[in-house]
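Enquirer: Listed below, chain by chain, are the residues.
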Amino acid sequence: MHDLVAITALGGTTPRVDTVAGVTCTENPSVALASVAARRGQEAKAQAALAKLIDASAPDVEQHAGGTIAAFWSGPDQWMVEAPFDSHEDLALQVKSAVGDTASVTEQTDAWTRFDLAGDPLASVLELLCMLDLRKISAGSVSRCSIHHVGCFVLCRSSEAFSIYGPRSSAGSLHHAIVTAMRSAL
Amino acid sequence: MTQNNRLSGGQIDRDTTLNFRFDNRSFTAHPGDTLASALLANDVRLIGRSFKYHRPRGLLTAGSEEPNGIVELRTGARKEPNTRATTIEMFDGLEASSQNRWPSLKFDALGVNDLFSNFLSAGFYYKTFMWPAAFWEKVYEPIIRRAAGLGSLSAEADPDEYDKGFRHCDLLIIGAGPSGLMAALTAGRAGADVILADEDFQFGGRLNSETFSLGEQNASDWATQAVAELSTMPNVRLMPRTTVIGAFDHGIYGAVERTGDHLPTLPAGKPRQILWRIYTKKALLCAGATERPIVFENNDRPGIMMASALRTYANRFAVTTAPRVAIFTNNDDGHRTAADLHAKGVHICAVIDVREDAPVNYDYEVLSGARVIDTKGRLGLTFVEVALPDGSTRTLDCGALGVSGGWNPNVHLTCHQRGRPVWNEALAAFVPGSNLPVGLSVAGAANGQMSTHGALQSGAEGAVAALDLKGVLPDLPEAEDAPIAQKPFWYVEGCKRAWVDQQNDVTVKDVKLSYQEGFKSVEHLKRYTTLGMATDQGKTSNITGLAIMAEVAGKSIPETGTTIFRPPYTPVPIGAFAGRMKGQEFHPTRLTPSHHWAKERGAVFVEAGNWLRAQWFPLPGETHWRESVDREVRQTRASVGVCDCTTLGKIDVQGTDAAEFLNRVYANAFAKLAVGKTRYGLMLREDGMVMDDGTAARLAEDHFVVTTTTANAVGVYRHMEFVRQCLFPDMDVQLISTTESWAQYAVAGPNSRKLLQKIVDPEFDISNEAFPFMACSNITVCGGLRARLFRISFSGELAFEIAVPARYGDALMRRLMAEGEEFDVVPYGTEALGVMRIEKGHAAGNELNGTTTALNLGMGKMVSKKKDSIGSVLSEREALVEPDVLRLVGIKPVSPDEKITPGGHLMNIAGPVDAANDQGYATSAAYSPILNSSIGLALLKDGANRMGEKMRLVSPLTDLTVEVEIVSAHFVDPEGERLRA
Amino acid sequence: MIINHPLLGPRDAAEFTYLGDASLIDRPDWQAEDAAEAFYDYAYLRDNPAGEHKELWYHEAGDRSWLVVTRDTTTHEISKVELARDVARARGRSK
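Chains as they are written, first to last, in the working numbering: chain A, 1 to 186; chain B, 1001 to 1981; chain C, 2001 to 2095.
It should be emphasised that the hints constitute simulated quantities derived from the structure, not laboratory data. Remember, predicted model here, so these are calculated numbers, not experimental data. Backbone N, C-alpha and C define an ideal beta-carbon position, used for all residues, glycine too.
Computed, partial: chain B to chain A, Cβ under 7 Å:
(1) His1168
(2) Asp1652
(3) Asp1810
(4) Ala1811
In silico DMTMM-like pairs for lysine to aspartate or glutamate, Cα to Cα no more than 20 Å straight-line:
(5) B:Lys1344 / B:Asp1221
(6) A:Lys96 / B:Asp1732
(7) C:Lys2054 / B:Glu1721
(8) B:Lys1866 / C:Asp2029
Isolated chain A, as found in the complex (with noise of 0.2 Å):
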């Protein structure tokens, strides 16, 4: 076991938590992220053997999916497959094993930040950081969408649930934008 000490995208040793009125956005580094895209012509594989991993299917355009491990669609034949830190810490691997010549994996854990926004009413924070239309997108929805010139992955995991993946090192900015704009909205 090494000896490296982790630090979160914000800099400090614990995550960041900002609470305003009835919503708290709680800085996220307990996630590992791969990256999967289909090899060519074996997209199909590809998708069986994803949707094995996460014991769903493959989520379809601007949706995610699945339990303990789970999967949001990045692109076309891509997604980003999502879970726990502490247990999945080499992700990558695992996914690639689980997919084989089917797809090229990528580990993202650390070129995301994450921020989890809980709380009533989110929309009125949302509609100030990005131009999703919000009327569309419900449980399972997954956007990909610039906020402040940043460019994030906006995933609602139920009305009062949001998960906004931002690049890592940006993440000052994007959380000066989100603590902004909940203090501005709420």
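Given chain A, work out where chains B and C should sit, using these hints.
Expert: Positioned in the frame of chain A, the structure of chains B and C alone reads:
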């Protein structure tokens, strides 16, 4: 002062009293007032001085079309000039002051301009200040700017915050008057997603200003009830205080919501305004109509107002401008004002109606076929002079005159996509044309449906049509449905100093003069006289100007044309367009994983793209950056240094065709690169110029990791996706950025291996034999952490790049520093990195400047001719391969204490110094602490064959001439022995 | 503007990066006899129609798809949006 001009009734909350100040005098008002209504209630008619002639001016209207009643609102950094008093919602503690006057509003020194009006007529800028040319900028313009002007800026940064937001709806309804409310009720009841926006703080539009009834209710009660019903609908969003400022492509609308302007102070974190981008399937414009004036001599005195505005002030705000009022009209609507004011107990001196057959009213006198020919009153109206049809004149003693010239539909948004309004003869007004923005339709008065019934019906029908709601036209309340015929009457014959555009001080005479002087197109008229170009954009003046123009040209108004309206509908603070993107947040900032460590070490950062990169790490006692940089270079070359290179773009390339894909995007060959090896890659644009460079490491047969320069990471990724999707769509290759995943550090210097051996887990042999130059491998460090090791060198030293998952970057950097203590390890920044790459002769951003080819950079042989790669064919173009093309060389001053400046041009040692004799230019320069000399890289004609030549490096800009010697670009270790050690 | 992405539906043009004429898909054969001439045309010559124009847009802030958008340059009306990869295949591009 007490509110002497208050009437009974109105929609104000008399139980609460608000205090406000205007020009340092204290007044009282009530919630529901605007600044304008409150000033009138307190008998303040004089509000400001006009733009050019400094004429005393008061309010003209009760809405956002106001040209005259503009003030400076608030104080200090929050001072906002040119704010329309008619739209300022009253709050306790409001402070406003008049503008464009000195020393005081009542005595304004520049009022003398009015006496010189003959010199300030249309086009006076162009005529008067022509000569001498040099005087324009230094003398005339500053004087004019000081004299003619609107409010003054605070000259401080705007302390408020603004947000931007995004909303979507099925139907956006613009305006919440009778048509807008009826449309919203119809659409909302049908379950559609509706946004109803209105610039006013109170929904209802004209319904709040009228005394007639809708069904059993009076008009404003009906509006209140409609709003109450709408606010219970979850599918309807009500946006009061929201101006839809523009109609853009494909159903996108811009809207400014004033969330904080009506509050004395903004709560912490709250925005003053929000700029919304509203995505709509359909939109319905219910913007109503604006009353237009009749122009007559001295028609700009405080107290002369639009008749409908008098009615609004009386009915909605319970205010009369003066106890004695006259009305000047050409239509029945003027009589409605007279009747309403009379009913409120205001004395109507007379209604002056230009029509011979004016309707008679027994409550007050009606002067049929009469005209207003002049007015009196220095700081406010006192007398109106009327010409009667029999040729006699009458003088009316009154403090206010309501003017009604008919109504113009508010067609503005219909023009934002090049639509042109069309002339409607019955209304004598422009109505929306057929070429509307996609998805927009128009209802109510904005569409020429001038009666209340017409507005309600067209609003309901508009919603039904827009949303294709079949057969659900709701019951409409019974409402007035008076026939509207507007016979135009633009101005009173013979008037001269009669104001068409009151904000820009354009008179009837100016418009006629413009035509006489040849400015006959409407667009020329506008620019020559500045008619309609003030902050009100001519909402009350454009059409009158056009009508006068048509008359002098002997044409009809539609033949004369119309000016086109452009966004924004009303002025928008720049801050709203910026939103949160200002100061530090102007663009997102990217931090490397060990940023906080670098900050602790006192690093000086530089912005590179969005990244903050450590530039150098000053030690105590170092007073000049060069001391730090020289030390970092020396220590690295002598022992070992560590540099954060996380910011380089990293792209994961996988797939069975990955190698062939790289063959196509790089000029050099990759197919045969062995697994476990890294190769330099040179990427060309299709035109043969160098696009970017980097390395590609082959981690498996079907797996590469390629790097890009920091600045080009996004563009290179985009380009590779283009190649993959558009050029070779059947290649089996998958791309994903991994820039953010890994914290990557260059460990460079003769002791770099020894340092790394202390952290790389022992099962990985990184000796020169097992892990030679350009090797790469997946390894583990510090007892099992997955990592990647590359033996590549930018500094020219024995060097490695080591990557760990980003969350461990900070810890790894600290570990390297701790373990490196015995080697005197040094962290180095981008400056030392730059010095060492120049010493080594590596091309970087300064050389990859978009105009250089591989041949220019000394890498011509790398462009493989045995394969298809982007840029290969065009890199062969004749002019790019001539013998004397620019080649990368090193330069150093003949006298070691002289300095090389990048950007300087190389000239032969003798001969003229000019562009024709230009031999090339210096691209990069640095002081080399190893060579104890300034050194540089340059692109020189036929440079490869000019080694040892003495030349002049000149920069006429900085008066620089330095004698330099042309040398190899590889100043340090030209044989590459160190990096292979 | 709104671009109706074939997979994602209507998206704001602000999410996209514009490249230009979709003729950039038709990259010439590097081994053809007239390759130099053909590449010159390909790299430098573009039609500039007032009217319908097929052009390449990249969904940079989205799913990274390249799209071929058929847009009227005089009205901004977008009549067709296709995945560039499908267009490229239909035009005979492969590996």
